[in-house]
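Undergrad: Below, each chain spelled out in residue letters.
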Amino acid sequence: MREILWTTFLLSAATYAIACFLFVGQSRQSPTTPRLGPKLAPGLLAGGAVLQLTYLVLSAVSDARCPVFSLHSALGFLSLVGVVTYAVLSRRRRLEAIGGFVAACAVLFMLAARLIAEPSPEPNNPWLMAIHITANLLGGGILLIAGCASAFYLWNEHRLKSRRLLGQGPKLPPLEALDGVVHRLLWIGLPLLTVGVLTGRLVQQTQRITPGGEVRAILSTASWLLLLGVLVLRQTASWRGRRPAYATLGGAIGIFVVIALYVVRALLAEGL
Amino acid sequence: MIVVVGLSHRSAPVEVRERLAVAPSDLALRLDELKRRTGAGEMVLLCTCNRVEVMAAAQTTGDDSLGTLASRIVDELEAGVLQPEVVTAGVASIRPHLYVRESREAIEHLFRVAGSLDSLVVGEPQILGQLKDAFASARAGKAVGPWLNRAFEHAFRVAKRVRTETSLGTGQVSIPTVAVDLAREIFSTLAEHKVVLVGTGEMATLVATLLGRAGAKVLVVGRTAEKARELAQRLGAEPRKWEDLASLMVEADIVVSSTSARDHVITLDHITQAKRQRHGRNLFLVDLAVPRDVDPRVGKLDGVFLYNVDDLAHVADAALADRQKEAEKAAHIVDEETESYLRRAHAERITPTLVALRERFHSVLEAELERSLRGERLTLDETQKEALRRAVGSAVDKMLHAPTERLRAWAKDENFGDWHTDLLVSAIEGLFQLGDEATPAPHIESERAKR
Chain L
0 MREILWTTFL
10 LSAATYAIAC
20 FLFVGQSRQS
30 PTTPRLGPKL
40 APGLLAGGAV
50 LQLTYLVLSA
60 VSDARCPVFS
70 LHSALGFLSL
80 VGVVTYAVLS
90 RRRRLEAIGG
100 FVAACAVLFM
110 LAARLIAEPS
120 PEPNNPWLMA
130 IHITANLLGG
140 GILLIAGCAS
150 AFYLWNEHRL
160 KSRRLLGQGP
170 KLPPLEALDG
180 VVHRLLWIGL
190 PLLTVGVLTG
200 RLVQQTQRIT
210 PGGEVRAILS
220 TASWLLLLGV
230 LVLRQTASWR
240 GRRPAYATLG
250 GAIGIFVVIA
260 LYVVRALLAE
270 GL
Chain V
0 MIVVVGLSHR
10 SAPVEVRERL
20 AVAPSDLALR
30 LDELKRRTGA
40 GEMVLLCTCN
50 RVEVMAAAQT
60 TGDDSLGTLA
70 SRIVDELEAG
80 VLQPEVVTAG
90 VASIRPHLYV
100 RESREAIEHL
110 FRVAGSLDSL
120 VVGEPQILGQ
130 LKDAFASARA
140 GKAVGPWLNR
150 AFEHAFRVAK
160 RVRTETSLGT
170 GQVSIPTVAV
180 DLAREIFSTL
190 AEHKVVLVGT
200 GEMATLVATL
210 LGRAGAKVLV
220 VGRTAEKARE
230 LAQRLGAEPR
240 KWEDLASLMV
250 EADIVVSSTS
260 ARDHVITLDH
270 ITQAKRQRHG
280 RNLFLVDLAV
290 PRDVDPRVGK
300 LDGVFLYNVD
310 DLAHVADAAL
320 ADRQKEAEKA
330 AHIVDEETES
340 YLRRAHAERI
350 TPTLVALRER
360 FHSVLEAELE
370 RSLRGERLTL
380 DETQKEALRR
390 AVGSAVDKML
400 HAPTERLRAW
410 AKDENFGDWH
420 TDLLVSAIEG
430 LFQLGDEATP
440 APHIESERAK
450 R
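Sequence order for the protein chains is L and V.
Residues 0 to 271 (numbering that gives the first Met the number 0) make up the first sequence, in order.
Residues 0 to 450 (numbering that gives the first Met the number 0) make up the second sequence, in order.
One chain only, chain L, in its complex shape (with noise of 0.2 Å):
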């Protein structure tokens, strides 16, 4: 089994990889060449996330629990739902230069995931946590994905307004393009989450709270805030352009952050 596993792990990892490359260099040929494997690169992506399904399947069978319930499962999750919110969004839209991105960080998360073998220990309320986790994850994946469009709008905008670094470097998606994935990624993983954190509330009174937990709590809160004022000002007030870019991605950079403690929490725990 654990070499079933394994092989899954590094053709998942493998064929990332190669898929962001094919992305990256789609995006830096000139508009009059022929594309490089125009489907290859996506195909590539959709192959790699099946295979690390299967993998995260294997390894919950082969761990007999709940996935959601180990860091290690949850950040392959986490890089899946990136996966899956890129492949749903580029369909009918110019955005290769994301999926390089979308693809480089599923191979990260993975390898981060490898160092963080050892499940958690099973949670006081198990169904409280499973959907505390699956919000989050959900949420967060989908928010993450947008802070990268939010950082590839304000890319485009500089090089638009400077006009002189046109022409050089990769294709970069539209802004009208970048402006509308993040709008709609924004609907989406707003209020998945809303039902993260407020789970993750209810969490923190039945479980007792570490330092950590709370500085992770007030983080995510922020980043929470901060991403909602967004969508509410996008809404109510026609907020476009550079600034909400801003404003998502530095919503999204806090959730990243949350993310980034947990794996500096339990590798710490692990003696790293």
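Treat the hints as calculated values from the structure; they're not laboratory data.
These numbers come from a predicted model, not from an experiment.
Treat the hints with caution; some may be incorrect.
Said to hold, decoys possible - Distance windows between CB atoms, simulated:
1) V:Asp132 / L:Ser161: 47 to 53 Å
2) L:Gln234 / V:Lys240: 42 to 48 Å
3) L:Leu110 / V:Glu14: 52 to 58 Å
4) L:Leu232 / V:Pro12: 35 to 41 Å
5) L:Gln206 / V:Gln272: 44 to 50 Å
Every residue, glycine too, gets a C-beta built ideally from N, C-alpha and C.
For this one, chain L is given, so just place chain V on it according to the hints.
TA: Relative to chain L, chain V alone:
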């Protein structure tokens, strides 16, 4: 030979170029004024958004006269002959931005311009049409003579060769295509977006046409309602009133402007007011006019992307890096054609001398023949006399055929050199006294003395 004086995107930024820009309607008037003031024999005025150039030939031959003419043109341009209504006092001099090309350099420059090698976007096709229009306008104003006529006709042939023998014009990266590509970087799809075309400039019309083909809805506004309506009809677009321009800034997603107005047509006030009602939508402004139509401060606003001709050219330059080989081929053609033109011009320098030589021979022999016919009291009828005249004329032609051909061949030979040609011309003119019409041929003079 000819001289070229001017400035272009290579020597001057748009802020300087717009100070020399001439509206198409004023072109003939300004050309006439400049030609009169400088005393040029021939003159063509080329005025596009990327260059203002004066091509001229002196009334007299010689390098000195060309240099004098060039400095007179520079002085007049500096004095503001092209824009007499604009106050130049206290404004920085344009002289450092002006270039002067004479003789061979002028011909090479003209060929490079015609071949689109000196364009903002190398290979763009509009420049040839603009050059032809400038030439036609000068010809209509009787400002073109043999020098410019020959140079321009050859330049048009060079442009044709560049088009057919290189792929510089294929897979076109031009100002209009760059503008459309940039629009695609801002808007994911151009369908359902509104494009407002302000003015009826050629390049702006091209941009609007391409955007229209991509599915955008085009609206046309112009200060002359009739012109705007005609253009809208031609583009399958919707004409709008000039007074609606401010409100169109709310509707528009893309604005392409190219008017010949001297002041900003789209002001900062227009856009800041429109932004309040635009609900955060991005606005892409393409300013193809020189002088610029859009206040440059507009480009600093959030969600507003302003590009003028220079900005578009910088983008195009990066895209053109892989077409460098084709540009090199085209440059080789220009070099070849410059040599060929100069050889022909060189060979033609000897033509007036050869014509004069033939005339001198014919006139001398005819005079001798007439004198003989009268003096010897020959009883020949008119038919016989005519036959005799023809025989003598034919003999002269045959005698001069070989030396004429040899002289032409030498003049065409690039190894022969200018100095040798000049020496040869001087020698022939001196030996046969061709330059002096009043002096009869030496042997006639001696005959008279004998008598």
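Undergrad: Hint by hint, note whether the structure agrees.
TA: Against the structure, the hints:
1. V:Asp132 / L:Ser161: 47 to 53 Å: With a Cβ separation near 35 Å, Asp132 of chain V and Ser161 of chain L fall outside 47 to 53 Å, so the hint is violated.
2. L:Gln234 / V:Lys240: 42 to 48 Å: Violated: the Cβ-Cβ distance is about 35 Å, outside 42 to 48 Å.
3. L:Leu110 / V:Glu14: 52 to 58 Å: 54 Å, holds
4. L:Leu232 / V:Pro12: 35 to 41 Å: Cβ of Leu232 of chain L to Cβ of Pro12 of chain V: about 40 Å, so the range 35 to 41 Å holds.
5. L:Gln206 / V:Gln272: 44 to 50 Å: Roughly 56 Å apart at Cβ, these two residues miss the hinted range, so it is violated.
Hint compliance for this structure: hints 1, 2, 5 are broken, all remaining hints hold.
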